[in-house]
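Undergrad: From first to last, the protein sequence lines stand for chains S and V.
Following this note's numbering, the numbering of the first sequence begins with 1 at its first residue and continues without gaps.
Following this note's numbering, the numbering of the second sequence begins with 291 at its first residue and continues without gaps.
Hints in this document: simulated from the structure, not taken from any laboratory.
Don't take each hint at face value.
As the list claims (entries may be wrong) - Under the rule of at most 25 Å between Cα atoms (straight-line distance), these lysine-lysine pairs were calculated in the DSS-like manner:
#  : chain 1 : residue 1 : chain 2 : residue 2
1  : S       : K6        : S       : K144
2  : S       : K15       : S       : K90
3  : S       : K90       : V       : K555
4  : S       : K216      : S       : K73
5  : S       : K125      : S       : K90
6  : S       : K144      : S       : K73
7  : V       : K310      : V       : K650
8  : V       : K555      : S       : K121
9  : V       : K555      : S       : K127
10 : S       : K90       : S       : K9
11 : S       : K6        : S       : K281
12 : S       : K281      : S       : K220
13 : S       : K281      : S       : K216
14 : S       : K144      : V       : K309
15 : S       : K73       : S       : K90
16 : S       : K127      : V       : K296
17 : V       : K386      : S       : K125
18 : S       : K144      : S       : K127
So the chains spell out like this:
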Amino acid sequence: MLLELKNIKKYFPVKKGFLGRGQTFVRAVDGVDLAIQEGENVSLVGESGCGKTTLARSILRLMPLDGGQIIFKGEDLSRLSGRRIIPYRKHMQMVFQDPFSSLDPRFTVRRLLQEALTLEKEQYKTKGSQEERAAYLLSAVQLKGDMLSRYPHEFSGGERQRVAIARALMLNPQLLILDEAVSSLDVIVQKQIIHLLGDLQRQFRLTYLFISHNLKIIRKISHKIAVMYQGKIVELAPTEEIFNNPLHPYTRELLSAAVEYKAIAREEAILISDHSRLIDKGNGHFVLSE
Amino acid sequence: MSADKKHLSEFQIALRNFKKNRLACLGVVILGLLYVAVIFAEFLSPYSYKNENRNYSYCPPTVIQFFDENRLVWPYVYGRQLEFNAYHGRIYTIDKTQKYPLRFFAPGDTYQWLGFLPGRRHLIGVSEPGRFYLLGADSRGRDVFSRLLYGGRISLSIGLIGVCISFTIGLIVGGVAGYYGGRVDDILMRICEMFMMVPGFYLLLALRSAVPDNFNSVQVYFAIVVILSFIGWAGLARIIRGMCLSLREREYVLAARTFGLSDRKIITGHILPHTVSYSIFAVMLSIPGYILGESALSLIGLGIQDPFASWGNMLSDAMSIVRIKFAPWILLPGFFIFVTVICFNVIGDALRDCLDPLLKSEVKG
Ligand SMILES: Nc1ncnc2c1ncn2[C@@H]1O[C@H](COP(=O)(O)OP(=O)(O)O)[C@@H](O)[C@H]1O
Ligand SMILES: [Mg+2]
Numbered sequence: 001m002l003l004e005l006k007n008i009k010k011y012f013p014v015k016k017g018f019l020g021r022g023q024t025f026v027r028a029v030d031g032v033d034l035a036i037q038e039g040e041n042v043s044l045v046g047e048s049g050c051g052k053t054t055l056a057r058s059i060l061r062l063m064p065l066d067g068g069q070i071i072f073k074g075e076d077l078s079r080l081s082g083r084r085i086i087p088y089r090k091h092m093q094m095v096f097q098d099p100f101s102s103l104d105p106r107f108t109v110r111r112l113l114q115e116a117l118t119l120e121k122e123q124y125k126t127k128g129s130q131e132e133r134a135a136y137l138l139s140a141v142q143l144k145g146d147m148l149s150r151y152p153h154e155f156s157g158g159e160r161q162r163v164a165i166a167r168a169l170m171l172n173p174q175l176l177i178l179d180e181a182v183s184s185l186d187v188i189v190q191k192q193i194i195h196l197l198g199d200l201q202r203q204f205r206l207t208y209l210f211i212s213h214n215l216k217i218i219r220k221i222s223h224k225i226a227v228m229y230q231g232k233i234v235e236l237a238p239t240e241e242i243f244n245n246p247l248h249p250y251t252r253e254l255l256s257a258a259v260e261y262k263a264i265a266r267e268e269a270i271l272i273s274d275h276s277r278l279i280d281k282g283n284g285h286f287v288l289s290e
Numbered sequence: 291m292s293a294d295k296k297h298l299s300e301f302q303i304a305l306r307n308f309k310k311n312r313l314a315c316l317g318v319v320i321l322g323l324l325y326v327a328v329i330f331a332e333f334l335s336p337y338s339y340k341n342e343n344r345n346y347s348y349c350p351p352t353v354i355q356f357f358d359e360n361r362l363v364w365p366y367v368y369g370r371q372l373e374f375n376a377y378h379g380r381i382y383t384i385d386k387t388q389k390y391p392l393r394f395f396a397p398g399d400t401y402q403w404l405g406f407l408p409g410r411r412h413l414i415g416v417s418e419p420g421r422f423y424l425l426g427a428d429s430r431g432r433d434v435f436s437r438l439l440y441g442g443r444i445s446l447s448i449g450l451i452g453v454c455i456s457f458t459i460g461l462i463v464g465g466v467a468g469y470y471g472g473r474v475d476d477i478l479m480r481i482c483e484m485f486m487m488v489p490g491f492y493l494l495l496a497l498r499s500a501v502p503d504n505f506n507s508v509q510v511y512f513a514i515v516v517i518l519s520f521i522g523w524a525g526l527a528r529i530i531r532g533m534c535l536s537l538r539e540r541e542y543v544l545a546a547r548t549f550g551l552s553d554r555k556i557i558t559g560h561i562l563p564h565t566v567s568y569s570i571f572a573v574m575l576s577i578p579g580y581i582l583g584e585s586a587l588s589l590i591g592l593g594i595q596d597p598f599a600s601w602g603n604m605l606s607d608a609m610s611i612v613r614i615k616f617a618p619w620i621l622l623p624g625f626f627i628f629v630t631v632i633c634f635n636v637i638g639d640a641l642r643d644c645l646d647p648l649l650k651s652e653v654k655g
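Isolated chain V, as found in the complex (with noise of 0.2 Å):
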């Protein structure tokens, strides 16, 4: 087996360009540090997300001091000072009598972890009555640094289950569709039509109303994945379809015939692995419209709920142009969803470049 190594076939020949591609690495650098920071979120995040103090509604982000009187001292963090001004608006100014260390593995509000691993430590945290806002706080005095990695959790996850389960019928229908042709062919892409012909974004108001509005929060998270996964598919299915009507005709899936194998062998043994140079880069290209897709629905309040939080959700705060003058750091989440798509739309494009020679070669023969 060992001399398996030395051979490569061209598919993984054509991948190893995928390195070669600096920016596409810096995307998948960035995109695995944001995924296991919000796997990671209950430990690194200073706050549960549902730990709000509205005496700091709004509070600017905390700065972390190292010197005090010009020594170099263990970092701390100053209290703060809540005052209204003339117009009650609220002036946050620092309070140099306070100070307060920072403590590593800080025990803070209890988790679970994942939904399972209990825990009250905290990467990063001060005492009561301190708070740390690393990136300052919401308006209901919520660190957005946490909530921003528990909302990553969701807006991330959304888009790699989604993909999972559009991409799954989507090959299938299409594979199927693709391989028997005729009548099957018809009927499966009728169907895909209909879902297509929809626009997108109206097809998923439309759904997101069928679903019961006493979804608890997963069970929503769970309807949104649908929802969304249910609008991805139909172009999928297309695309395979038409590469499986040219695969079919290879003269390896006429000999897989020759020896007996099962229509289900053939499909997924000879057809759908040639899809994969596509599928590849289409998964990483569509990402983002889930990522997106959950962003808008929550953004306008029919997706996940406050205080669960999602980006999208937390962006919602950003909807009027005094607060994000007053607040300018509760348009992060967008940010987070800005890099996010810039990076599967990189690393897309990438893997689409070292793959399209094989792509050419193994569609149109």
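Chain S on its own, in the form it takes in the complex (with noise of 0.2 Å):
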């Protein structure tokens, strides 16, 4: 097992009241168990403003938790705190949703590549090493190498993602979270983009947890799906079962949105109590239920 998520939660307080009282809290992500395989592409799909990125930045420990444990290869990383979680994190790295606000503006991409290798200065000591690594993964995610002397904004989207998936495999990591790393690129540029994250996926030995509002984009990369509502998974299955077979209510209208571009109205809103747990359905297909 790879990474195992167990019961994560967080919740951000709602400024209400004077003085904290009646303090409330958005349930961000509420109770979330998922496990990850070695080489098995896992994808969260759901609603925007369901809790996927504040997921994805959990288990970063880019924010602390409130509840759960992150389990990287048999060690909690949810106990370690400030210091100690350094040396695990160049194993999982993320490409970030905006690829405009992801590459800072001020510094060339031979700078951005070279400083996301900070965790490996023993192993590239030399400058001549680091600009060595830097052009070969320029040269993996398909980006000319004379690109490393420009800055971010003579990039187009679509080049920005790549220098961000280049610099997030700088580290060689072995789970890459990529947090709606295409929502903002148009449909070629989305598909050559997926199609180089199969390639890199080989030539790396990555993992991907793919994020995604979209269900149809994730269909070829993804061996499992997690659909997400409200901060909780509600349905977890291998991905043509998800397509051939949603169970949840929330799963369909997902699906009917994705493949036949239109909403369907929902009959009854959709609720989830608190005591409703993920159900086993047999062949790997797990929904929540009462």
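Dock chain to chain to rebuild the complex, using the hints, since each chain is given by itself in its own frame.
TA: This is the structure we're talking about:
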């Protein structure tokens, strides 16, 4: 098992009332369990605001958890504090949602990539070896080597996202989290990047946690799909199983929106009670129910 | 590395627009000249700041003569004759029998250039007993032009050093408060507010009164710098903190954290550089405050003490309307303060204009 999430919780306080009386919380992530095998791509889908980004950032410990465990290769990362988490960071990297804000505009691509080697200073001691690594990864994401001395504003969205992918791969991670990595790109570029991700997976033995609000674009790349709704995973199944046999009403709604490009009217509001849990329906298919 | 030259960051591109603002360029040239002039004050000034001659109190500016009996000759100046009128007022008349040719690299008062390089040559001068007052003399017969140069050194450097100190404090405090947020932020911001609550000039006076009065001139100088920076940092810290609060949510900051970069490296590498587009013109616009602050202190006699010169304490001579009428050139320090302040403001405004688009995208996302 590469990564195991157990009952991950992340609540955000909502400012309310005088002196914090009547404090309420947004349950952005509310008790998520998920297991990712090596080489088995998992996709996390759900409408925006359902907590996907929050979950991804919690996994990388970019924000403190409110509960749960993150077990990476048998090591519980959720217990590690500040400094001790740092050596583990290189195993899990992330490509962010917005290619226009994930690359610092003041840095050339060369600096952006070399900065990512901070944790591997031992291995890449000389400027030359860092430069070599940067150039190697640029070619791996099919960008030309002469782009090293350019600034991010000289790139298109797709190219920036390739740079971001190259940067995430600098440390040779095992798990790559892609948070809506292609959502802001146009359809053709989306296809190219998805294709590139397939190549990179073979080349670097990666495992992807692919986050998207669009079921269609993840069909090719994922082995398993987890459908998220209001901070909870409502259905988890192998990809084809989700497409062919969706069990949860929210999944059906999502599918009809993605495949037929129309929203079906909700017959009744989808209610999720606090007592519901994932029930095994066979074939690795889990659905949230009472 | 030569390929780097072709590629400019957005910041560099924005800064290129600065050159298109003629007025601001003029400001840069004027300030440049002023700073060069005060750096070489010892050499450029005909006299030392404390070279006095009471016989020439409020002596009017010396006119350089180029013609002698309608022939072009080596420039020279006439001597002066002092007489008193019926009301014991001083009247200087030109004594055409005495001629003193101008001398370049003339030996004069000895000095230590910037405190270490000894010398006694002055760019221009006349031999004793002639006196050369390019911009007139003050009450004690000291050369106003020389004192303007020496005084400018104090006034102009106080602005720069003060701004450096308070911006360092402001950036660090604002950066830390904005990046960490929470309790740290609360404490630091309350401290800032304490400084901002007290009106600047009263705080200035209060802090000045806390400085021991047996300080020598150098100590007083640094005391003033420290006092002025003490007042200036809080406003900047608050603004930087606000910017950092929004900058730390940037995805490149999160990305940097996934690489395991230390907080210090993130703050100095990814957060504070983005406040530069604000800081750079805020610096320009706040330097006048330091210059005016020093001038105000010195004007009322709490700053730089005679015989040392600063534009402010030179102006204290000009606090009587009778004297201004009799010797208008003693207002010149005020003119230099005015020009300097205007220059910094024009440059600051021009920088703001060209960095504004960048600033908007950096702060609002
Ligand atoms: N820093 C934050 N402070 C308060 N609420 C937040 C914060 N980040 C996210 N949220 C809330 O958490 C919920 C989930 O957000 P997010 O994880 O960004 O969703 P997604 O990525 O699926 O669109 C949203 O309701 C959002 O408003
Ligand atoms: Mg999101």
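Undergrad: Please verify whether S/K90 and S/K9 have alpha carbons no more than 25 Å apart.
TA: Given pair S/K90, S/K9 holds - Cα atoms ~23 Å apart, limit 25 Å.
Undergrad: Tell me if the straight-line CA distance from V/K555 to S/K127 falls inside 25 Å.
TA: holds (19 Å)
Undergrad: Would the pair S/K6 and S/K281 pass a check requiring their Cα atoms to be no farther apart than 25 Å?
TA: holds (20 Å)
Undergrad: For S/K281 and S/K220, compute the direct alpha-carbon distance and say whether it is at most 25 Å.
TA: Distance ~24 Å between S/K281 and S/K220 Cα, so the pair holds.
Undergrad: For the pair supplied as a hint, V/K386 and S/K125, confirm whether the alpha-carbon distance does not exceed 25 Å.
TA: violated (79 Å)
Undergrad: Taking only the CA atoms, is the gap from V/K310 to V/K650 under or equal to 25 Å?
TA: holds (21 Å)
Undergrad: Starting from S/K144, check that the Cα of S/K127 is at most 25 Å away, please.
TA: Given that 25 Å is the threshold and the Cα spacing comes to 19 Å, the pair holds.
Undergrad: Within 25 Å, alpha carbon to alpha carbon, are S/K144 and V/K309?
TA: Violated. S/K144 to V/K309 sits at ~34 Å, over the 25 Å cutoff.
Undergrad: Compare the distance between the alpha carbons of S/K127 and V/K296 with 25 Å, and conclude whether the hinted pair is satisfied.
TA: holds (22 Å)
Undergrad: Between the alpha carbons of S/K6 and S/K144, is the straight-line distance 25 Å or under?
TA: violated (42 Å)
Undergrad: Is the straight-line distance between the alpha-carbon of V/K555 and that of S/K121 25 Å or less?
TA: With a Cα-Cα distance of about 15 Å, the restraint between V/K555 and S/K121 holds, given a limit of 25 Å.
Undergrad: Holds or violated: are the alpha carbons of S/K216 and S/K73 at most 25 Å from each other?
TA: Distance ~30 Å between S/K216 and S/K73 Cα, so the pair is violated.
Hints 1, 2, 4, 6, 14 and 17, counting from the list given before, are not met by this structure.
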